[in-house]
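Take a look at the letters that make up each chain.
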Amino acid sequence: MIGSDRMRSRVGTPPQQSDPKSPDDLTRIWSPPNDISGFLTAINHRAVGQRYIITAFIFFILAGINALIMRVQLAAPDQEIVSPELYNQLFTMHGTTMMFIFAVPMVEGLGIYFVPLMIGARDMAFPRLNAFGYWVFLFSGVVLFVSFAFGLAPNSGWFNYVPLSGPGYSPGINIDFWTTMITFLEVAALVAAVELIVTIIKMRAPGMSLNRMPIFVWAILVTAFMIVFAMPPLMVVSVMLMLDRTIGTHFFNVAAGGDPLLWQHLFWFFGHPEVYIVLLPALGVVSAIVSTFCGRAIVGYKYIVLSIIAIGFLSFGLWVHHMFATGIDLLGLSVFTAASMMIAIPSGIQIFAWIGTMWSGKIRLDTPMLFVLGFIFIFVLGGLTGVMVASVPFDWQVHDSYFVVAHFHYVLIGGVVFPVFAGLYYWFPKMTGRMLNESLGKIIFAIMFIGFNLGFFFMHLLGFMGMPRRVYTYLPGLGWDLYNLISTIGAFIFAFGILLFILDALFSARWGKIAGNNPWGSSSLEWATSSPPPQYNFRTIPIVRSGDPLWDPGWSADYDDLERGTVDHVALTIQQGQRDSVVTTMLDARPDYRIVLPKPSIWPLLLALAVSFTFISTMINLILVPIGALLSYAAIIGWLWPRKGEDQP
Amino acid sequence: MPHSRSLEQLGRRIRSKWIGAISSLLLTFLLVGCSTDTTPNMLDAQGSAAAEINSLWWLMFWLALLVFVAVITLTTMAIYRSRQRKTAAPNHYSARPTFFLTAGAIIPLFILIPLIIVSVRASRTITLPGAQSMMTIDVIGRQWWWEVRYPDHGIVTANEIHIPAGERVAFRITSQDVIHSFWVPQLHGKLDMNPGRVNVIHLEAAEPGEYMGLCAEFCGLQHTFMLFWVIAHPPESFAEWIAQRQQAAVAPTDALQARGQEVYFAAACDQCHVIEGITRLESQIGAVGPDLTHYASRGTLGAGRAENNAETLAAFIINPHAIKPGVHMPPTPLSTDDLEALVAFLMNLE
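Protein sequences appear in the order of chains P and E. FYI, in numbering that gives the first Met the number 0 the residues of the first sequence are 0 to 648. FYI, in numbering that gives the first Met the number 0 the residues of the second sequence are 0 to 349.
Since the hints were derived computationally from the structure, they do not count as laboratory data.
With a Cα cut of at most 27 Å, we get these calculated DSSO-like pairs of lysine-lysine: (1) P:Lys643 - P:Lys201; (2) P:Lys441 - P:Lys361; (3) E:Lys85 - P:Lys441; (4) P:Lys361 - E:Lys85; (5) P:Lys643 - P:Lys598.
Computed from a predicted structure; not experimentally measured.
Please model the entire structure based on the sequences and the hints provided.
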């Protein structure tokens, strides 16, 4: 039995006696109230993670519908199914939603849900902050789509270049929705990043030294650091635009000495790491799935981790490759050519590590693995066109054409969406306790793979034929008709696959095959608890002795050992019904002290409302901003007010 | 047989990968089949810069195809071998570091470093200025048309750029409002037109012909219809063109056109449009709309939006937004007679 303050257990201690804390006690302590107040005050990482995943997926669908409307408009020349203004709003909302409100929150959501489970923790380091981040994300996404409902959506592209998006050429409120939404959404991203870093560094199960951490956790850790460095320049530049538009500063106004290129530098300094921010967690998911479905530890663990870290650093040095056509001098551009081509190397190393794992493993071609194979095909193709566009003269031809649209959809859909679907198939049983339909899953994969390639491959050719981006229609007689039509058909096929997935998910969540703890025979800790996990995640905290804990000897076939206390674990006594977990050291995860986590609270929601009000009021009347700030201050005081028996934010 | 269904799946995977690879190749050649005479096809290089970029493209294409086929082959082989195994290799077995380092780092470096060198060399070749005095043309991007000025010859026009074939021409490009981008795919890559800065790009058309250009940076509502044409003349023909354009506008030849000229002033067209020798405005930067001195010689109206003829011109004058919504030209209500006269006047301005 381990006492309260400091623990001195070492790896190698024989299993403890089962402790007196029953599952019912733990459930009682860790559950939120079972009513609407429970919904609003829940701070458990699985509740927050699930909300992120579902909300992000809904925005994915909305942005996808935007794209389908665009494709209908472009299916034939000289159509006016949508007006030019609506088309411009559609493509802006499509890009903005996909990049900001789907991709980053989705990978964060997977991290928030699964990282604590994978590292054997009961919750994250700052549960209320976690909930706050979600509410801010939800409000910012909703506000952006509200603008659409009024026909006032942002309409200058997702990267929103000045001077077009400045006060001179976009006097309406459309762009203000963009600047406001971005700024406060990135508060949510930074919050999630800080959460994930602290949780991963301090709350791993005893014995899970850094070199035993699952690759997905490494990927999330590196991603979180990238978010911390990449988001602030974006927030700065969107605030600068907000100031130009509201109080008359001249950051980007040429006539007063400002420079439009400043926008591009600051935006892309964020924008390039952003795509790796969404890619790296996806690569982490791929490693988890390849290892599981080849029945062996991932080959080249060290190299994969080093590659992920290398990508994290290198990606900050590439941003000018989005600006090759701006007239910057050649020497400067060439440096970015070299860097942009070099980043192919850490990506390539990971691909070969996965091939090595497949080669020496026993592969099972279930749906998650099929999505991973689809990812390899599509992402490698996209990466190769990426090396091409890293060449300055070639980019001078294909920049801002459909070739580059094809390139980035190959790397984003292949590199992020396919692994996300793989992850959803893989982890759906853990989240819901039931399996998705396996036969239908294979069909859905085939439909999505074929639909995607039909939809986007021919865009490479359209780029060669001179079709620029962001055009609401095109003249007949240019030879662009056939490939546009094929792309539209492919897009609808791809969307149909996603529709089938949604229907299956809704059906299987209620009536799917029961999953059990570890239906895939995986090796990481999230599979050591029930499906779905209990409110307290793990009855006892496992002691980890390898990188693939569940494949160590001593685990029973049903992986129920932590519930029964039959493998090495740390047991914690309850004191006054508190939510407790273990804090361990950074490198070797030696137990350090016991931490008490907060109970459900309404303050995250209240602060999120106050902060959202503050940001939105910049669009209404600036006098409301200090009022919103005061409300936020009050909410922070309420949040931090000391409560008996709690010591954590 | 217990494995038959999974072998089927494997077969499907292999087939779909190979189908993907082969069709990529085949369909690239379909590119040629779908192009028309007017397609601004960058692979149909008509100038030295575009030709240089094309060679670079084909080099990269074959390298990329090689790498892609190698990766897909290795993956397929890995899947096949994996299916043959009875059990997975033990977890402590790991591929030797030489495998990753060779496949993932050394071989790519042998491909990427030469590629970087070739690419940088190509970019220098394309941008090296020609030595002697080249003709200079200024192009100013405007929402949503192109102002074209020949400073050496005192000519101002719009949306159509005439150059001598076989000679390098220097273009100084900038923007009057938002960022545009100057792109003639058959001749060269694109270069942005930034307000407050002047970028320089050299175009050379090897043969006489008409080459379509586009705006390639989203610039607002009618970015889609900001098209232009580069028309390359044989040298003598070009000299004639210059001489003709240096003359002032053709005077009205009949009463209808003379009346049209009066309508031109009465409807305040001269407040925005210059007709050299007729309008009261000096020819200077700041004219809000395109120069109309030789309007009738243009093939399109609205920077490529519609064909330039009497009907479309009449419709455009009455309500430009019916043809190109959002342009900065206001509707001009005119009686049918006035309109007919105005159109006759303008269509006489060869």
